[in-house]
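Here the protein sequences come in this chain order: X and V. The first sequence maps to residues 39 to 290 in our numbering. The second sequence maps to residues 2 to 258 in our numbering.
None of these hints come from the bench; they were simulated from the model. Glycine included, C-beta positions come from ideal geometry on N, C-alpha and C. Wrong hints could be hidden among the right ones.
Pair ranges (Cβ atoms, derived) [claimed, not checked]:
{"hint": "1", "chain 1": "X", "residue 1": "Trp-286", "chain 2": "V", "residue 2": "Asn-111", "range": "20 to 28 Å"}
{"hint": "2", "chain 1": "X", "residue 1": "Leu-49", "chain 2": "V", "residue 2": "Asn-111", "range": "43 to 51 Å"}
{"hint": "3", "chain 1": "V", "residue 1": "His-180", "chain 2": "X", "residue 2": "Phe-121", "range": "39 to 47 Å"}
{"hint": "4", "chain 1": "X", "residue 1": "Pro-140", "chain 2": "V", "residue 2": "His-195", "range": "55 to 63 Å"}
These stretches of chain V come out as covered by chain X in the derived footprint (C-beta under 8 Å, 3 or more residues) [said to hold, decoys possible]:
{"hint": "5", "stretch": "53–66"}
{"hint": "6", "stretch": "85–91"}
The list that follows gives simulated cross-link-like pairs (lysine to any residue, SDA-like), each with its CA atoms no further than 20 Å apart [claimed, not checked]:
{"hint": "7", "chain 1": "X", "residue 1": "Lys-204", "chain 2": "V", "residue 2": "Arg-91"}
{"hint": "8", "chain 1": "X", "residue 1": "Lys-198", "chain 2": "V", "residue 2": "Thr-72"}
{"hint": "9", "chain 1": "V", "residue 1": "Lys-95", "chain 2": "X", "residue 2": "Leu-211"}
{"hint": "10", "chain 1": "V", "residue 1": "Lys-183", "chain 2": "V", "residue 2": "Thr-77"}
{"hint": "11", "chain 1": "X", "residue 1": "Lys-204", "chain 2": "V", "residue 2": "Asn-84"}
{"hint": "12", "chain 1": "V", "residue 1": "Lys-58", "chain 2": "V", "residue 2": "Leu-20"}
{"hint": "13", "chain 1": "V", "residue 1": "Lys-106", "chain 2": "X", "residue 2": "Asn-197"}
{"hint": "14", "chain 1": "X", "residue 1": "Lys-204", "chain 2": "V", "residue 2": "Leu-133"}
{"hint": "15", "chain 1": "V", "residue 1": "Lys-95", "chain 2": "X", "residue 2": "Ile-201"}
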Amino acid sequence: MIRINNFIIPLFSLIIFCLLWEFLVWYNNWPNYKMASPSDLWPAFWKFKHLFLIYGWETFWRTVVGLILSVLVGLSLGILMGFSKTIRIGLYPILVGFNAIPKATVVPVIALIFVGMHNMNTIIIVILISFFPICVSISIGLSTLEREYEDILLSLGANKFEIFYKIALPKTLPEFFGALKVSTTLAFIGTNLMEIIEPHGKGLGHLFDSGKISADYPLMFAVLITLAVMGIFLYYIVVYLENIFAGWAIRK
Amino acid sequence: MHINIEKVSHQYETKQGMLPVLKDLSLSIKRKGFTAIVGPSGCGKSTITRLVSGLIKPTQGSIFISNKKITSPLSTVGMAFQNPVLLEWRNVIKNIILPLEIVSKNMTYNQKISNALDLLKLVGLEEFENNLPSELSGGMKQRVSLCRSLVHSPEVLILDEPFAALDAFTKEDLWDVMHKLKKERDFTCILITHDLREAVYLADQVIVLSGRPASLQYDVKTNFNEEKKISDLYSSEVSQLLATLRNQIEIAQNKND
Chain X
39 MIRINNFIIP
49 LFSLIIFCLL
59 WEFLVWYNNW
69 PNYKMASPSD
79 LWPAFWKFKH
89 LFLIYGWETF
99 WRTVVGLILS
109 VLVGLSLGIL
119 MGFSKTIRIG
129 LYPILVGFNA
139 IPKATVVPVI
149 ALIFVGMHNM
159 NTIIIVILIS
169 FFPICVSISI
179 GLSTLEREYE
189 DILLSLGANK
199 FEIFYKIALP
209 KTLPEFFGAL
219 KVSTTLAFIG
229 TNLMEIIEPH
239 GKGLGHLFDS
249 GKISADYPLM
259 FAVLITLAVM
269 GIFLYYIVVY
279 LENIFAGWAI
289 RK
Chain V
2 MHINIEKVSH
12 QYETKQGMLP
22 VLKDLSLSIK
32 RKGFTAIVGP
42 SGCGKSTITR
52 LVSGLIKPTQ
62 GSIFISNKKI
72 TSPLSTVGMA
82 FQNPVLLEWR
92 NVIKNIILPL
102 EIVSKNMTYN
112 QKISNALDLL
122 KLVGLEEFEN
132 NLPSELSGGM
142 KQRVSLCRSL
152 VHSPEVLILD
162 EPFAALDAFT
172 KEDLWDVMHK
182 LKKERDFTCI
192 LITHDLREAV
202 YLADQVIVLS
212 GRPASLQYDV
222 KTNFNEEKKI
232 SDLYSSEVSQ
242 LLATLRNQIE
252 IAQNKND
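Input sequences plus hints: build the corresponding full structure.
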């Protein structure tokens with residue numbers, strides 16, 4: 039029953055959302071160049087279904103690869119910062135400053151450095167935009183480990199590594215998954231920033247740009263909805279992994 | 002395993018400079034003894050547990066376990082704290098075997114589990130071996146924590162106020178669990194506590210520390226009865242002992258002011 043509810047309730051809320059949207063457009067009598075309604079989307083989607091498949095896949099795999107790499111970068115930096123106070127106070131200003139820079143301004147720089155390497159450019163932007171929450175949550179999780187947790191193992195003569203993988207790492211997993219959910223949604227922003235700003239002719243961002251140039255508003259909305267659906271899909275994969283690895287922290 | 006603390010002084014580095022917590026503390030605990038250490042708040046009782054377990058080194062003086070000087074953590078020590086610090090992602094039985102994963106790496110998994118189950122039966126929690134800590138009450142968590150501190154058959158057990166956060170009746174239950182464990186297992190025990198009744202009921206020696214920097218102020222044997230019962234705590238003999246200890250604590254607190 040709980041499983042069915044977990045599926046039915048979100049689906050129901052999505053349907054209500056679309057109905058409200060449709061109603062809003064109909065009530066205000068907006069033309070579709072002002073605001074497309076859900077019923078305009080399907081024809082747009084169908085018309086360009088091949089492009090959606092090709093570009094959608096490009097956007098999706100680059101986002102996932104970027105996300106996996108940002109987990110690796112975020113984890114490594116977070117672990118270093120969690121264990122060494124010197125590294126922590128040394129890196130924080132740089133990381134915070136870096137994160138405060140609008141990524142849209144970094145896109146042309148990256149595109150210039152790695153001219154023509156579309157996939158790599160995109161993945162780099164994804165990493166830059168998504169590693170920060172993971173890094174911060176891991177470093178806070180590790181640096182705030184209560185002393186008694188360490189003491190029970192230290193008093194038995196355990197080494198740092200044993201404390202890390204028996205206690206510190208599993209204890210930080212719930213915070214890690216919380217951060218990963220934030221990073222997952224950020225990752226799509228990263229992919230599309232690159233795809234929209236730099237004319238690579240790849241990915242859903244490019245399709246969005248084409249829609250803009252040809253004033254095909256339903257197509258633009260259809261791209262946005264596709265991105266939203268992909269984001270939701272990836273989010274639930276993270277939730278699934280969280281249930282496996284950090285299910286103990288979820289209150290039933 | 003007798004424990005000798007010889008002329009130990011210890012100080013911590015703080016923002017306000019060096020803070021001396023122990024000064025020329027000497028005391029000895031006999032083999033298989035049960036010693037309770039009481040004293041005013043913040044007088045350095047927990048420092049003693051960290052010193053005896055080898056987690057920190059004294060600024061001056063030395064500590065000997067069976068005439069061997071302690072310089073680093075020993076796998077023959079078990080510890081339990083006021084906070085049961087159970088690993089929430091492991092069930093009860095897997096929490097208990099944790100020390101064995103560090104000190105008895107060659108032991109088979111089944112042997113570890115069976116050692117843990119023996120202890121779990123002693124504390125009366127055998128039905129809960131597969132539960133997660135979040136499903137247990139405070140008293141049950143503390144029982145599991147005691148099992149974990151004893152699973153590797155340590156020669157010295159260090160208890161840092163393990164019953165302080167429990168309600169009065171749960172506390173008394175756990176005192177009896179402690180009596181049972183002490184009877185079944187062979188270890189020397191140091192108990193840090195604020196509860197004089199607990200000290201008198203559990204220990205055969207009670208030590209009162211002076212205010213910070215702490216040194217030995219009062220040392221008394223409490224062998225008023227071979228088999229201690231809760232009702233003994235209301236006898237006139239024990240009341241008198243408790244009054245004496247209370248008086249000693251007050252003297253210690255005055256020194257602190």
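Do the hints match the structure? See the list:
no. : hint                                   : verdict
1   : Trp-286(X) with Asn-111(V): 20 to 28 Å : holds (24 Å)
2   : Leu-49(X) with Asn-111(V): 43 to 51 Å  : holds (47 Å)
3   : His-180(V) with Phe-121(X): 39 to 47 Å : holds (42 Å)
4   : Pro-140(X) with His-195(V): 55 to 63 Å : holds (56 Å)
5   : 53–66                                  : holds (count 3)
6   : 85–91                                  : holds (count 4)
7   : Lys-204(X) with Arg-91(V)              : holds (10 Å)
8   : Lys-198(X) with Thr-72(V)              : holds (18 Å)
9   : Lys-95(V) with Leu-211(X)              : holds (18 Å)
10  : Lys-183(V) with Thr-77(V)              : holds (16 Å)
11  : Lys-204(X) with Asn-84(V)              : holds (19 Å)
12  : Lys-58(V) with Leu-20(V)               : holds (15 Å)
13  : Lys-106(V) with Asn-197(X)             : holds (14 Å)
14  : Lys-204(X) with Leu-133(V)             : holds (16 Å)
15  : Lys-95(V) with Ile-201(X)              : holds (16 Å)
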